[in-house]
Every structure is written in C-alpha cells, then in structure tokens.
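S.K.: Build the full structure now, drawing on both the sequences and the hints.
Chains as they are written, first to last, in this note's numbering: chain H, 2 to 449; chain A, 2 to 449.
None of these hints come from the bench; they were simulated from the model. Among the hints, a few may not be true.
Same chains, same names: a pair is fine if it fits in one copy or spans any two.
Claimed, not checked - Once the Cα atoms are required to be at most 35 Å apart in a straight line, the calculated DSBU-like pairs of lysine-lysine come out as:
hint, residue 1, residue 2
1, 118, 3
2, 118, 21
3, 3, 93
4, 342, 392
5, 346, 21
6, 3, 254
7, 346, 118
8, 342, 3
9, 254, 21
10, 3, 392
11, 421, 342
12, 254, 342
13, 342, 21
Note that the structure is predicted; figures quoted are calculated from it, not measured.
Single-letter residue listing:
2 protein chains.
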Amino acid sequence: MKEIRIGLLGCGTIGAGVVKLLRRNGALLERKLGARLRLVGVAERRSEALRALGLGPELASPNPVALVERGDVDLVVELFGGYEPAGSLILKALQAGKDVVTANKALLAEHGARIFKAAARSGAGIGFEASVGGGIPIIRALRESLAGDRHRSVYGIVNGTCNSILTTMSEQGREFAEALAEAKRIGLAEANPALDIDGHDAAHKLCLLAALAFGVILTPAQVYTEGIGAVTQTDIACARELGYAIKLLAIAKDEDGAIEARVHPTMVPQNHLLASVRGAFNAINVHSEALGSTMYFGLGAGEMPTATAVVADILDLARRRLNACASGSHPLGYPTDLLRKARVKPMGDLVCECYLRFMVDDRPGVLGSIASVLGRHGISIASVIQQGRGKETTVPVIMRTHEAPERNLMRALGAIRRLKMVRTRPVFIRIEDRLQAAVGSGDGSQKS
Amino acid sequence: MKEIRIGLLGCGTIGAGVVKLLRRNGALLERKLGARLRLVGVAERRSEALRALGLGPELASPNPVALVERGDVDLVVELFGGYEPAGSLILKALQAGKDVVTANKALLAEHGARIFKAAARSGAGIGFEASVGGGIPIIRALRESLAGDRHRSVYGIVNGTCNSILTTMSEQGREFAEALAEAKRIGLAEANPALDIDGHDAAHKLCLLAALAFGVILTPAQVYTEGIGAVTQTDIACARELGYAIKLLAIAKDEDGAIEARVHPTMVPQNHLLASVRGAFNAINVHSEALGSTMYFGLGAGEMPTATAVVADILDLARRRLNACASGSHPLGYPTDLLRKARVKPMGDLVCECYLRFMVDDRPGVLGSIASVLGRHGISIASVIQQGRGKETTVPVIMRTHEAPERNLMRALGAIRRLKMVRTRPVFIRIEDRLQAAVGSGDGSQKS
Numbered sequence: 002m003k004e005i006r007i008g009l010l011g012c013g014t015i016g017a018g019v020v021k022l023l024r025r026n027g028a029l030l031e032r033k034l035g036a037r038l039r040l041v042g043v044a045e046r047r048s049e050a051l052r053a054l055g056l057g058p059e060l061a062s063p064n065p066v067a068l069v070e071r072g073d074v075d076l077v078v079e080l081f082g083g084y085e086p087a088g089s090l091i092l093k094a095l096q097a098g099k100d101v102v103t104a105n106k107a108l109l110a111e112h113g114a115r116i117f118k119a120a121a122r123s124g125a126g127i128g129f130e131a132s133v134g135g136g137i138p139i140i141r142a143l144r145e146s147l148a149g150d151r152h153r154s155v156y157g158i159v160n161g162t163c164n165s166i167l168t169t170m171s172e173q174g175r176e177f178a179e180a181l182a183e184a185k186r187i188g189l190a191e192a193n194p195a196l197d198i199d200g201h202d203a204a205h206k207l208c209l210l211a212a213l214a215f216g217v218i219l220t221p222a223q224v225y226t227e228g229i230g231a232v233t234q235t236d237i238a239c240a241r242e243l244g245y246a247i248k249l250l251a252i253a254k255d256e257d258g259a260i261e262a263r264v265h266p267t268m269v270p271q272n273h274l275l276a277s278v279r280g281a282f283n284a285i286n287v288h289s290e291a292l293g294s295t296m297y298f299g300l301g302a303g304e305m306p307t308a309t310a311v312v313a314d315i316l317d318l319a320r321r322r323l324n325a326c327a328s329g330s331h332p333l334g335y336p337t338d339l340l341r342k343a344r345v346k347p348m349g350d351l352v353c354e355c356y357l358r359f360m361v362d363d364r365p366g367v368l369g370s371i372a373s374v375l376g377r378h379g380i381s382i383a384s385v386i387q388q389g390r391g392k393e394t395t396v397p398v399i400m401r402t403h404e405a406p407e408r409n410l411m412r413a414l415g416a417i418r419r420l421k422m423v424r425t426r427p428v429f430i431r432i433e434d435r436l437q438a439a440v441g442s443g444d445g446s447q448k449s
Numbered sequence: 002m003k004e005i006r007i008g009l010l011g012c013g014t015i016g017a018g019v020v021k022l023l024r025r026n027g028a029l030l031e032r033k034l035g036a037r038l039r040l041v042g043v044a045e046r047r048s049e050a051l052r053a054l055g056l057g058p059e060l061a062s063p064n065p066v067a068l069v070e071r072g073d074v075d076l077v078v079e080l081f082g083g084y085e086p087a088g089s090l091i092l093k094a095l096q097a098g099k100d101v102v103t104a105n106k107a108l109l110a111e112h113g114a115r116i117f118k119a120a121a122r123s124g125a126g127i128g129f130e131a132s133v134g135g136g137i138p139i140i141r142a143l144r145e146s147l148a149g150d151r152h153r154s155v156y157g158i159v160n161g162t163c164n165s166i167l168t169t170m171s172e173q174g175r176e177f178a179e180a181l182a183e184a185k186r187i188g189l190a191e192a193n194p195a196l197d198i199d200g201h202d203a204a205h206k207l208c209l210l211a212a213l214a215f216g217v218i219l220t221p222a223q224v225y226t227e228g229i230g231a232v233t234q235t236d237i238a239c240a241r242e243l244g245y246a247i248k249l250l251a252i253a254k255d256e257d258g259a260i261e262a263r264v265h266p267t268m269v270p271q272n273h274l275l276a277s278v279r280g281a282f283n284a285i286n287v288h289s290e291a292l293g294s295t296m297y298f299g300l301g302a303g304e305m306p307t308a309t310a311v312v313a314d315i316l317d318l319a320r321r322r323l324n325a326c327a328s329g330s331h332p333l334g335y336p337t338d339l340l341r342k343a344r345v346k347p348m349g350d351l352v353c354e355c356y357l358r359f360m361v362d363d364r365p366g367v368l369g370s371i372a373s374v375l376g377r378h379g380i381s382i383a384s385v386i387q388q389g390r391g392k393e394t395t396v397p398v399i400m401r402t403h404e405a406p407e408r409n410l411m412r413a414l415g416a417i418r419r420l421k422m423v424r425t426r427p428v429f430i431r432i433e434d435r436l437q438a439a440v441g442s443g444d445g446s447q448k449s
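M.R.: Structure representation (structure tokens):
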C-alpha cells in the first residue's frame, strides 16, 4: 500500500491532537485515501511529550532541519508556531517540493506572500485550514466553495480566549482581570495572554480572511487593532441597557478596492447571532454579492477541533500527491502574482455609531458642555443615560451617537478630555448595528 | 488561453443564475483559473429563456443528448431536475469522461450509487454542492474539511419553502393554507408544492448528507418523512407557551452503525439557534467526535445563491481537468465500493419527548382517562395545559411527555383515539431538547 510520510514539527497541544486523530481514525483515513498516512518523525524538545503519546523513541527527531530535509518525508506539519524557525523550515520544505500543513497564522499573516510564492514556484501545496477558526472550515469555504462569487465583507468572532473572557464578564459580572485569571486557570488563556487579549491574534486571522475573500495582501501592521483589556463591567451593563452585547470582532470590508480592516471591542445587537456566541466558540460571517450572507460556527481552538483541520489538510495534500496533480488550487484562491497589496482605508474615514462614556463631576451644565463639543464636530447624539446621582462626586455620562466619521469623533473626544469637569479619559466603543446576518434578520427573499 | 467548454442542460431559474454569474465574474474566474470558462451550448425548450439572457441563437442546442455527446464539451451542467432524462444524460456524460455539475438532489438521493460508480469508473468528476443548502458549502465541508473526523449526527433546516411557511405562520398568525398561498405568490413555493411541503425534498437532501457524513447509501424510502401540512396555529401557539418553535428538521444520526433518518415538524427550544432561522434561510449542524458541533447558515435556495454553488463546482472540476489530476476526492468522500448500505433504525425504536394535543369533550374525567392509557404504555407526562373552558363543547388537552419509545406512544395514541370522549385524531409533534448546538449552549470547554 502506498504511503504518505509525515514529519511533525512540534508536539504540543495541537500536535498531540493530530497524533491521536491519525491513530484513532487511521483505518478510516486509509480507506478514504487508499494509502497510509505514516508519521516518520517528530521534532519536539520535550521527549516526555512523545512518550505520553506512546510514540517510540525511533520517531524522535531532535533536529527539525534534518527532519524537513529527510528524503523519506513527503509532508511537513509545522506546529512550532511563531516566526522562526517555523518560517525557514516551511520555506525549506516547500523548496524541496514537500507539502506543508500549518496552523501558524502569525507567520502567514506577516510573511504569507513569500511563503505562498515559494509554494507556487515549487508546485508544492500548503494547507492552513487550522490557522483560522480552529476546526471551522472557513479557509476552504472562502478559497473553493465561495470562489465563484465576489465578497463584500468578512467578519466575526475569531479569538476564543477573548470571547470566553467577555462571556464570563457578561454572564458572571466579573471584571476583566478576574475573568482573565479564570481563563488561565481553565486553560483557555496562555500564561502570557497578550497576543490574544490585545487583539493581535485576531488581526493575524483577519489578514488571512481578507486575503482569501478579496485577493489582497494585508499585513498585521495595516489592521487597526484594539484589545479587550479596557472593557469594564460598567460598559457591559450600559451596553445591555442599550440592547447590545460587547464582542471582540475582526472586521474586513472591500469597498470598491479600499479595504477596511479592524479588530476592536464592538457592540452588537443582542438579537444578532454573534451576540449569542459563547465561550470558546467562533463565528464567521461572509457577505457576498450573489450568495448573500453565510455564517460558520464552531469551536475555534482546542486540541481536537484544531487537529481535525490539520488532518483534513493532510488528506487533501496527500490525495493530490497520490493523484499526481500538477497543482491544486492556489493557497489563497488567486494566483500569487495577481494578489494586490491592500489599500487600507484610514480609520479616520470610518463612519460608525458609537457608545461613549465620560466620568464627570456631578454638577449642572456638564452634559451641555459635552454635547456642545460633540455638536461643534458634527456628531449628533442618539440617546443619553445619566445615572441616578448618589454620593459619588464623579458620575458616568453615557451617550450613543448617530453615525459620524471617526476623525470627527476623535477630535471631539480630545476637546472633551480637556474640559475641567471630565475626570478620566473618555471611553468609546464602536457600535455595529447593520451587520449583515445570515439569520435572524430579513426574510431571505432574493434579488438576482 | 486554455478553455473549459460547458454544456448547460436547462436554463430555468438556477441556469439563468449560472449564466449571469459566469458573465458577471468572468474576468475574475479567468484569473483565478488561468483558463476561460466558455458556454458552448444550452439545451432549453423555451428559446425565450436564452434571448432574455442575451445568449445568441448559435448556443441553442435543442437536443440535450447531442449536446452531451458533442466532442467540444468538457463539462456538463445538469439543471433539468427530476429523474429522466437527467439521469441518463448524466450517465452518458460521465461515461464519455466529461465532468458533471448538478443540483439534482432527487436524482442523486434515489440513484446516486449508480451515478457515483459511473464517475469512479471513468475518472470523471461530479460536483453537487448546489444540491443541498443552496450556496451553503455543506457538501464540500463534509467531504473534505471534516474528512478526518467521525460524525455522529447531521441535522438542520434544509427546505426554505417549508421554513418560510412556518415563519409566516409563526410571526403573522396565519394558518398553513394561507401561508402557502403567500409563499406561492412571492415565488418561494412552486405551483405544485408537494415535493417541498410533504418533506420529500428535505428527505432527498438528508440522504446526501447522511452519505457524506457516515459513508452509507441511504435511499428516500428509508427516511421517515412527514410534511408540515398538518401544523396548525393552535400547535404553534402551544409550542410557544412551552418554550418551543416548530421547524421542519431533517435529522440523521449514526448510532454505532444503525442510522436514524427522519424528516418531520419538530419542536426546538426557542433559544436554540435553529429556532431563529427565518424565511428561506437554511441551517445545518454537524456533530463530530473530535470537532464537536459546527453549524452552517445561509440562503438555501434562490437563483444566485444556488448558482454560486454550481460555479464553485465548475471551477473545481475545471482546475482538476487543467491540472490533469488522475482523480479528485471521491464524490462522497469514500471510495464508492466502501459505501455500506444504511441499516436504518425503525421509528418505533426512537426515544423522544413529545407534544400531544387531543380534542376532547369538555367534561370531567377526560384527562384521567387519557393519562391512564399513557401510563399503561409506560409514557409519563411532563406537563399538561388545559385551556380555560369557554362555550365550546370540544376543547384541547395539551401534554408534553417525558422520553419514551415511539412504539409505545403509537400504541397509546391508537388506544386513546378509540376513547369516546376524544373527538379527532390526536396530534403529536416530536420535541428535540438535546440537539447539540455550536453556540448558545455549553461553554466550549474541550475534552480531548
């Protein structure tokens, strides 16, 4: 029986999931493929990781470069994460004509152009379904299933750690620090959680989603990125009162060639599907010209869900190799030489409704002063909440604005900050009221 | 530039959508593929259909057999629907080594085994993404993206006509006949709507979903099928009072090799995502061993959404042909000789909670009599609603049962029907309280 020989770089959580899944479903996969998937080497410093999985010492390949260069390796699964040595190893594998499967969104978001070009040149394949949305098949959906259509926007909840923390905050009334500690305790946040909670992981994933949806090269530096660290119970409670939930959304839109790309806490209507996505679940919405909205939900992280995406890519590339296909679909659905560099719309041009919270002295005239500044900058107020006055000398003033350019809002907030009666930096959270949703809005009647 | 030459069988709603999409996105598709997709012939009796699309008379191919046999046709798009001549034409195309794209779920559900075998024999490809869920990429998801996992259940809302009618009934308080008339008026139901409202279309789709998910050959005759014609306002109102919405669900489960396959009106909890799927939208949930639940939402029908699925399949098969792949993935993800015939669990073995409604004489003792019969058959009652007595001599008694084998329930209902005080055939609707959901339940924490 034919074999596809796999070299595994990294045997942490996901790597262990891949080993387990290949073993557990080995017979099924062999039948589906008509060939055997055989693990021939694992590069992992912690030798106990191999033992824990029952892998013999003959599989240990302490030198990852040597493993990638071995003549009997057909396919390399890169699960080291990070930029180096992962990037060099992937390039080496592709240049040697070996197929590569990776979950490394940071690397692909930052250096994808070079890596995809290397794949195109050598004719090797690269699969990265596991890099966005864990086991949710969003990469293949955008690259193949929706390939005949044009896409206007892709957005959603793509970081399970942030969504878990926001869910805990919202449902249990805890503050951010406490919810983060809880997430660490149950293994949903890493010891150093900055990549997740500061929004960078979501921005990396957004770069890949935008590339697939719009055929552009978008780099993390081009994505406006704001994390969830500043979200407070006060804001969650006020959002609820206004009919919203706070979620960390990654949003990309193609507006006649100008790309909008941003990651930030967002107020979404409570009756929108995204508002009911809890815990570590992810949800991604794609809005397309002919198809309208489609949505994809599932577990966006975790050992086994992510491993299923890796194994699906292995199967795909193995099949291609066994069938001697000249080449499969382009990794991003577009020939790499046709990808254009993203022209990104400045955040100042963004037109958005906003939630604002000011901590102010509790005395008459404050609301008037704030409203005047906003008015001078062309921002009109949709509603105001002034909470019952207690013994505090500083009280919150909460406002919801109508749509206005973010540039104006930033100027107004700068001026308001300078008012004497305003005691802390104003809080503002963007509201997305008009997100296209696949369900729960509209009746699905079609225009052609 | 290379070309893939397409013969189109049928130019109704979806065919027109395909022509429009190939034209509108022609340049984009050409860039993605590195080849041209050229329509070379259209078999359509209504010549005005071609004129309406601006297609020249040279494309008219009155004889579909001749079109399929033409030497310059690489790929046949079958959109005639129905069993014949569609089936023979598809077989002829495959035997001649031409790729086929079809949206014909009825044909594939009934005769798929033969058709997929013909494709396997000749090495030609067959794409049928458009046959289930319109533009929702559920076929490719099951066949490729989730291919490394084992699936326990697949279920959802797969008929937009029924869902539109149930939405209208639920939101506007109209009875079935009126809601059906409205659906016909706005083009969401066909002149002869039996295939949709009797549940057969959903059963056809379920056969394909089960084949992909479990690797079985399941035929429509094996699917327990019940339509929505008997759903009344009374039941919708009572369901709401109990916390449920009524949806037509298609449900398939693999229980250690025994397949459960059924289509029927179902009460789903109001806070379950499926309850909020409105109008012509479809939603499909897949529950898998390693991945857990994933859900897929979008427009399940309509000219352009369905056309996007057809064009995605065209691109896929064209790419394979251009790259001279020996063969792609198996149409069902499994080599056809490994598909096993489904061993279907009898409905009597189904264990389910139920909603029951009896129209009874308004006099004492009735509830006791009914409850006694249920008790004798081992069915315990979870709750009872007896509505305020008015001037009617016949009143409804509504019950929710605990889980019980359907066999017992059927026997009990037969006995109850024979009670003198029970005036009409008892109504029963199955309740699904434990549907796995990707969101809105659980916290997404993982077991490996």
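S.K.: Hint by hint, note whether the structure agrees.
M.R.: Right, here's what the structure says about each hint:
Proximity of residue 118 to residue 3 under the C-alpha cut-off of 35 Å is found in both arrangements, the shortest distances being 29 Å within a copy and 23 Å between copies. In this assembly of identical chains, residue 118 and residue 21 lie within 35 Å of each other by CA distance both inside one copy and across copies; the values are 32 Å within and 33 Å between. Proximity of residue 3 to residue 93 under the C-alpha cut-off of 35 Å is found in both arrangements, the shortest distances being 25 Å within a copy and 32 Å between copies. Taking CA atoms no more than 35 Å apart as the test, residue 342 paired with residue 392 passes in neither setting, with 56 Å inside one copy and 75 Å between copies.
In this assembly of identical chains, residue 346 and residue 21 lie within 35 Å of each other by CA distance solely across copies; the values are 31 Å between and 44 Å within a copy. Taking the shortest Cα distances, residue 3 and residue 254 sit within 35 Å of each other only across copies (33 Å), while inside one copy they are farther apart (45 Å). In the homo-oligomer, the alpha carbons of residue 346 and residue 118 lie at most 35 Å apart inside one protomer (26 Å), although the nearest pairing across protomers, at 52 Å, exceeds that limit. In the homo-oligomer, the alpha carbons of residue 342 and residue 3 lie at most 35 Å apart only across protomers (28 Å), although the nearest pairing inside one protomer, at 42 Å, exceeds that limit.
Within a single copy, residue 254 and residue 21 get their C-alpha atoms only as close as 38 Å, which misses the 35 Å cut-off; across copies the closest is 24 Å, which meets it. Taking the shortest alpha-carbon separations for residue 3 and residue 392, neither the intra-copy value of 78 Å nor the inter-copy value of 78 Å comes in at or below 35 Å. Within a single copy, residue 421 and residue 342 get their C-alpha atoms no closer than 45 Å, and across copies no closer than 78 Å, so neither meets the 35 Å cut-off. In this assembly of identical chains, residue 254 and residue 342 lie within 35 Å of each other by CA distance solely inside one copy; the values are 15 Å within and 46 Å between copies.
In this assembly of identical chains, the alpha carbons of residue 342 and residue 21 lie at most 35 Å apart only when taken from different copies (29 Å versus 40 Å within one copy).
In summary, the structure is inconsistent with hints 4, 10, 11 from the numbered list given earlier, while agreeing with the others.
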